[in-house]
Structure formats: C-alpha cells, structure tokens
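Asks: Sequence:
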Amino acid sequence: MAALEVYSRFSMGEYQGNPSYLVQSAKGLLWLNLPDELNNLLHHLSSGDVLDFSLGPSGKFYIKWKVGGTVKQNRLSLGSGETHWGAAAESSKSFHQLEPSLRGQVVKAESKYHVQHFRFVSLGADDTFCFNLAGSISARVKDPRLKVKLQAARKSGRSILNIVLSPASTTSWLIMYTDGTQDGKLPEDWWKDIKPYFQPQYSLLRTHAQRLPASPVTPTAPIRMLNNSAEFRELHRLFMDGWKHPDKQLPSLVRIHAIDLPESVLRPYLTYRSRLKKDLGQDRFDERMTFHGTPRECCIGDPEQTLQLCSGARCNVDRAGTRPERNFMRFGRGLYTTSVSSKADDYNVTQTNSSYKAMLVAKVVLGRGYSLSKTNKQLSRPPRGYHSVLGTVGGDLRYDEQVVYRDDAIHPAYLLLYQP
1 MAALEVYSRF SMGEYQGNPS YLVQSAKGLL WLNLPDELNN LLHHLSSGDV LDFSLGPSGK
61 FYIKWKVGGT VKQNRLSLGS GETHWGAAAE SSKSFHQLEP SLRGQVVKAE SKYHVQHFRF
121 VSLGADDTFC FNLAGSISAR VKDPRLKVKL QAARKSGRSI LNIVLSPAST TSWLIMYTDG
181 TQDGKLPEDW WKDIKPYFQP QYSLLRTHAQ RLPASPVTPT APIRMLNNSA EFRELHRLFM
241 DGWKHPDKQL PSLVRIHAID LPESVLRPYL TYRSRLKKDL GQDRFDERMT FHGTPRECCI
301 GDPEQTLQLC SGARCNVDRA GTRPERNFMR FGRGLYTTSV SSKADDYNVT QTNSSYKAML
361 VAKVVLGRGY SLSKTNKQLS RPPRGYHSVL GTVGGDLRYD EQVVYRDDAI HPAYLLLYQP
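In this text, residue positions in the sequence shown follow our numbering: the first is 1, and each later residue adds one.
To be clear, the hints were calculated from the coordinates, so they are not data collected in a lab. A hint or two may mislead.
[Unchecked claim] Cut-off 27 Å, straight-line C-alpha distance, at most; resulting in silico cross-link-like pairs (DSSO-like, lysine-lysine): (1) Lys66 x Lys142; (2) Lys142 x Lys192; (3) Lys149 x Lys192; (4) Lys185 x Lys155; (5) Lys374 x Lys248; (6) Lys278 x Lys357; (7) Lys363 x Lys374; (8) Lys195 x Lys27; (9) Lys66 x Lys277; (10) Lys27 x Lys192; (11) Lys363 x Lys377; (12) Lys248 x Lys363; (13) Lys277 x Lys149; (14) Lys142 x Lys185; (15) Lys357 x Lys248.
Could you build all of it, start to finish, from the sequences and the hints given here?
Replies: Pasting the structure below:
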C-alpha cells in the first residue's frame, strides 16, 4: 500500500510463475511482467495520472488513477480463498482474509486504533508481513538481512515510509525511508533499470499538485516548553482572542513550546526578511505571527513524551506547509496561515492516541500583501509587485487567511497543545 505522501511508488507481484514489478516517479512509469489488462492500461497513463497501486500474486493488482478530474479505481473483488496483499483498506472488513497471525494482530490493534492509522500493510511470500500502525512497525520476515535493517532503523529512530515485500520470494524486499532513500534486496537485473526512478530529481513531491514544503526541521531540532512568561502570556492571548467560531467551544490551552530552529534552517527566512525590510522600509514591511493547522501523528510535547521533532512521513508538526489531503486551496498552491485560531483548528488532525490537538504558530513575512476576498484557485504566486495574498473577510471568506508562495517566507516558531 503506497503512502499518501511519497517520493516514489514501488510494488512487487507475481504473474505466471515469474516476479513482476511496477515503479512510479516523476521520471515516469516502468513495469515488468504484468497481466495484459494492467499492461494495456499503463500504456495509456502518464506518471501524473496514477494515484496508487499494489501488485499481488497470480497477476492480481489494484490501481487507482485519474482521467481529467475523474478518479477511477480497478480493484480485485476479494472472494473466498483470495488474499488481501496490502492495497488500502476501506474498512476493517477488508482484513478478514489475512493470514491468521497477522489478522490477530490487526484485530487487537483495531480495538485501540482506527483502520486509518495503518500507514502501510505489506504481505509477502510464505505468510511474511510488515505493517505500520500509528508509527510502530510490526513484522514477520524470514530474510536475516531485512531483520537487521529493521532493527537498525528502530534503534536509530530512522523513519520508514514503506516496506515492499515480494509475494514470489522471501528474499526480495525494499525499504523506502522518509528521507527519500532506499535499501533492499532485489534481482540484480532489476536495479539498473529501477534505480534511476528513485533519484531525488524525480521525486513525486517535486511535482505534487498540492505540496509545497516549507522550513523543514531536522529530527534533532528541540522544542522548549514556555512557563508563565510574557512570551507565554502573549501567545495565550493570541490563541484565545483568535478563537472566533461561535459554534466551537473555547478549548483549554495546555502547553506552549518554542521551536528552536538550527541557524542553518532559519537562515533563508532571515535573509529574505532582511531583504524585504530593506526594500520596503519599516513602515511598509509586514511580518506577523499567525496560526497554521496541521496533521499530527506523533506525541511530541505531551507529558512524559519527547521534546524532539519527529520525522513521520505524514506528520506536519515539524513544518508550516500545506498537505496533499487539503484539496481546496482558495488562492492556489501556497502556504496558508490565519489569525483565527479556530479556523486553523479545522485543519488539525490528530492521528495518535494523544488527548491533545496541536497547532503551529508560524512567523510569516508578508511583505506587500495583495488583498482578495474572492476565490482564485489558479494563483501560483502573488500578483506582480506583491509578496503575498491577504484573504480578507467578505466575499467568499468568513475569516481571514494569509498566503505566501515561497519556502523562505515562513517558519514554525511555536507549538501549541490544547484540549478540545
């Protein structure tokens, strides 16, 4: 099962007694030994059309693609005696035909988590499996080299995006890490063809229609809890005053953490800020502290939890950016913030068992802002002579928002934990 946010996609299968594969990156699509139905379909698709896929044994496959604005899906109907090989599960019922040992773990896990917390499920030959549940990887594999790699990743804290097992062989596998690198054991004649598709310049993130990363924070960048200081009180006031939705109960703000970015990460922001301030002058220069709602798949900042930013593939607590899941961007592909904390709350999705929700306070350089109140999804930059778009109340907006279109115009400054 491919993760939502990926550098490339890869799956292995088996057809007519021989191994098969399908790989996707911005370089294109490449495949080997696929059934005619899938082979013919892929000849009519580009890499940008394909949204997800998974290969299985005996030529089975699942693929999700788009034609124009229409999303289509071709998926095997799992009947009696068939195998679920790791395509995305729509409900817990999809798990009932798993191998008994794995099914037992899934059922136990589902008593605590929702099925959506399964980030990937990979099934291989001889009842081997790997799955990631809410950031924790469980596996039963037979290749000693794969066992060593998984143990090393667990000890070092290296985050794994996906693990691909082969339904044809227990000794063929690939680990895809969240930093865009791979490690694995594949047939030698595959590597020379596949490896170019994994190069950073062909990352799917570079061409993702709704993904603009901003101010990434290294996993070692610490956060620092604020006590009852003037800084704490000012942020508390901004959060409470910004809670404007009449239908939302005012939450309890539990903790405030400052994010201490390394100088090397903060430097682009400071350079851009200094240049705009010089060009515009103090009176026309606009820099603000604003709120940014974001998915959270870690427990950073919770009592008894780490104060180190995580590197989860879908967790956006470590950056002030947009998400692939956010399908509606009123002013195009940009980085969105707001002065209204209750509006940012709309985009906060907690994917852990934490009782708290998380919100970022970002520092954003708006420079000279262009005011708009009507939706314009075609924007990819501000109008000429401007540095940002200011979504003003009226027209299509009930609450304000600010949009910048470059990574160095914004960085996460504080992490707020609150209890709904």
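Asks: Let me make sure I understand: some of the numbered hints might not hold for this structure. Which ones are they, in numerical order?
Replies: 1, 6, 9, 13
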